[in-house]
Amino acid sequence: MKLIKSILILMILVLSFGFNSYSQEDIKIKKSDFQIEIKEVGFKAAWKEVKEGEKLFSAGLGTYPNALELYLRAAKYNSDCAKLNYKIGVCFLATDKFYHASEYLEKAYLKDNKVAGDIYLMLARAYHLNLAFDKAIENYKAYFDSFTTKEIEKYDINVDKYIKECRYGQDLVNQPIRVIINNLGQRVNSVYDDYNPVLHPNNDLLYFTSRRETEEKDKRLDVDNKYLENIFVSEQAGDLWKKPTLVDNKLDSKNNESIITISADGNYIYLYNGQENGGDIMVSEFKKGKWKSPKSISKRISSKYKETTLTFSPDGKEMFFVSNQEGTIGGMDIFYSKLNEKEKWTEPINMGAAINTVYNEEGVYWHPKEDKLYFSSQGHNSMGGFDVFYIERNEEGFWSNPVNMGYPVNTPNDDIFFKMDENNKLAYYSSVRDNGFGGKDLYKVIFLGEEKELKLTTDDIYLAWNYKPVEDLFYVNPKEVKVDTALYMVGQVTDAKSGEAVKMAKIEVIDLEQSQVVATGLADTSGLYKIKIPKKKDFGVEVTAKDYLFFVDMAYLSQKQVVDSKVTANFQLNKIDVGSTMVLDNIFFETNKATIKTESTAELTRLAALLVENPTIKLEISGHTDNVGSYKSNQKLSEARAKSVVNYLVSQGVSTDRLQYKGYAFNQPIADNNTPEGRAKNRRVEFKVISK
Amino acid sequence: MRHFKITLLMLFLSSIAFSQTNEIEQELLKLKKQAKLIYNEGVRFAEKGQITEAHQKFDAALFIYSDFDLPYVERAKLLLLSNELDLAMNDCAKAIELNDMLGEAFYLRAYIKLLQNDYQNALTDFTHAIQKGFAEPQAYYYRGLMDFELKDYNSALIDFTMAIDKDYDFAYAYNERGSTKRMLSDYHGAIHDYKQALAYDSTIVIAYDNMAGCKIKTGDFEGALADYTKAIEKDSEFYIAYNNRGNAYYEMSNFEMALNDFTKVIEIKKDFAPAYNNLGITKIQLQNYLGAEKDFDIAIELNPEYGEAYMNRGYAKEFLGKFPSACADWRKAQELGIEEAEKYMTECE
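Here the protein sequences come in this chain order: A and B.
Every letter in the first sequence is one number past the one before it in the numbering used here, and letter 648, counting from 1, is 683.
Every letter in the second sequence is one number past the one before it in the numbering used here, and letter 339, counting from 1, is 891.
By construction, these hints were calculated from the structure, which means they are not laboratory data.
Hints may contain errors.
Calculated cross-link-like contacts (lysine-lysine; reagent style DSSO-like; alpha-carbon spacing at most 27 Å) [claimed, not checked]:
{"#": "1", "chain 1": "A", "residue 1": "503", "chain 2": "B", "residue 2": "747"}
{"#": "2", "chain 1": "B", "residue 1": "718", "chain 2": "A", "residue 2": "601"}
{"#": "3", "chain 1": "B", "residue 1": "585", "chain 2": "A", "residue 2": "565"}
{"#": "4", "chain 1": "A", "residue 1": "254", "chain 2": "A", "residue 2": "83"}
{"#": "5", "chain 1": "B", "residue 1": "822", "chain 2": "A", "residue 2": "490"}
{"#": "6", "chain 1": "B", "residue 1": "718", "chain 2": "A", "residue 2": "517"}
{"#": "7", "chain 1": "A", "residue 1": "514", "chain 2": "B", "residue 2": "718"}
{"#": "8", "chain 1": "B", "residue 1": "703", "chain 2": "A", "residue 2": "490"}
{"#": "9", "chain 1": "A", "residue 1": "565", "chain 2": "B", "residue 2": "584"}
{"#": "10", "chain 1": "A", "residue 1": "517", "chain 2": "B", "residue 2": "600"}
{"#": "11", "chain 1": "A", "residue 1": "595", "chain 2": "B", "residue 2": "584"}
{"#": "12", "chain 1": "A", "residue 1": "517", "chain 2": "B", "residue 2": "822"}
{"#": "13", "chain 1": "A", "residue 1": "514", "chain 2": "B", "residue 2": "582"}
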């Protein structure tokens, strides 16, 4: 019996006006169901909460949230009571927190799979609302299978619609449309149902219907135990809406009233009055700064049946409205009327089976600019409850088949009273979503265009030079230039007597420390020479020329001035004439002896070379001394020394008949014997050319 | 007779002239030698880093012999070290006037033009320098930079390679060559060069950032993250690396980490417009559309010609339902050359 009752309720609610339709058993929780074996502290208080909750649950949908609160508190004492979990799940299904329902219903089922005759149905509903369509279908089928064939036939049990809704839902969820859906906020929405948003044409006021508790109206409707409908208005403050207030009491009486729409000029407001003539549409005019008392619209439109919503074409000459008057296909249907030539509304006609279904249609709204009608329906390819659809009229005047607005605008819950703006970018409507504040809430929908690519910006540097330039990287070390710093000895070789240039004289520069010739030069035809010397120091110089006696001396370059890298040294040569004499300064003897020292070799070699180069000359080699000692000894010494020289020359191949030797002792001084320097000079060997 | 006398006179005068010319030449040679000696002193000072003394010597050398090309070159270098570009340019010009085969003078002039962002003419002068025998690694390196800036990556590759051949541990050249390879889509080659750059100079932090950029191209996001992190560890103010790492996180859909990095960029460099743009994009992904809009506002304030920011802000506004304003932004983006904005405009019609 309880089952039959629940099926009937199911059928009624499915066909009733615009609420989330399902049925549940009102199973009673017994003490024995709830009490834990061992009595614990807290049972009394918890049981009290259960009983209070039961009362509220039995009162109807409107107090399910209150019952839920109590059940949840009781569950803290005993969270394993199957019936309690079932009741909690069912309560959640009636709220915007429906996503919690499955948790408790599953628990109830696991504890007792026969906790309620409709446990499968409740589970299916929970899954359905949570978009778990496969599980929902499974449980709808299980629910169906829980009946016998007889029961199915007898009570016309049918879950096909629900299953179809699940399949439609799967299709719609797989092709979501690009929208942002924003709750209008806690300031506007309440914990009760808030729906049917109507924007004033100036976009600065938002009217809507709410079933919230007010001081003026605290009655509840029997059918669902929810507070009566009231009309509220909220003023815009930037991007937000201010706290809403009840509208002028001319518009909102103590009865059940709901806002429907406002005319394009803002001067007429249309309301639904639930108490009037079975539910009629009323209109109020705004005149002289006030709303006048609403009166019924055309009798053509208002019938003894229920008319709930209407909408006008942009030019105001056509109208759609919703009614359950005679001629409906099922439940509430959409009807059409237009103004005739007498400015009267024509007899309404049903929009037909292409648009109306055996279920309810509701919430009509004509696009402010286009030939497009939005409405909600529990039929067509709704994924559950009311879904928003639209139809378009072509140039021939034919309306298209309804098109589902798509997910996520539509959900398995009620999505209804959809109002699109003229740019097709913004809409307002009411829905039951998981981010709501209780019951139906008002939402703003932002329609996004195609998906757009967001452009990240990179600002790579790539080059180390740009990241951290090295200021002196460019710098290449300089190199010194070569400068000609050579030193030259320059001068002229001339004849000692005539002063004429001696051509082709050979000049040899001798490093006495190393005993080697370091540079050699040849005088030119002018007797001029230029010899590169390694450094500015004192050198020995030997100058030789044909027909001239050789010249050996020191070039004291260290004392000379360098001008343009040159030091000057001139030399005079004596011709080889009979009677020419020359002191051999570089022949040295052991003291008081005639033994020639080895350092005399160079001089002796020069002398020998002179004789070789001038093969006809004959020389007298003479020895001389200073005046120290006796004449005899000096004479002997000087002669012996001269002879030593001759002997050397003969040993070098010079013929003896070309050489004479003589010792002159101190008879031919060339310097003052009174000084050591003079005496040193006098101690010498000379040669004289005696014939050519 | 008269003819003879004239001839004699001519010979006499010639000999005087010749004698005088010879004297002048001799005097000139003396001056040149003196100038060279002073120049060499300047070189020695320069080698020791005594810039002022070196400068004085070069001045002195030129005072003695003003047509001496090398002191102009060396003086130009010292002027460049002191950032006296105009004076350095004058000296380079003078050196070239005196000796148009002096490669180093062209090199320095090219370098000055580089500093003045006159890339094309700098490139020309670097080429002259090299052709005239100044084949130092720096010449190739800088010419490579010019090639790169002018987007002639093939030439840049050759030049950086030459620089490396002449100086095997030229770390900067490795990095630049790596970036050149990157532009030529040789990412593995680029990574190899970046590693070489770091092997020779671990302070070239940009190489880590560049390497990471290549790794992203090859799909190695984890490797890229590690490199960006390394760059940041070495230079905590390296906002580019933070920005790029943020981009990497974004591409990996790790929006929270991306957000952190972009925020860090702004902490370091408040006026870095791209960071605000990227922050805005990330906030869009995190559905913080209001926050995103504000970030794009700042990006545009910093760079009023920032087309991408206009486009992205339009997107944020679309999410906020501010459609006419979104259209205005897309229109502006289109005006600023963002091609994609054109198709968005169709939604505004």
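- Query: Which earlier hints turn out false for this structure, listed by number in ascending order?
  - Reply: The structure conflicts with hints 2, 12, although it agrees with all the remaining ones.
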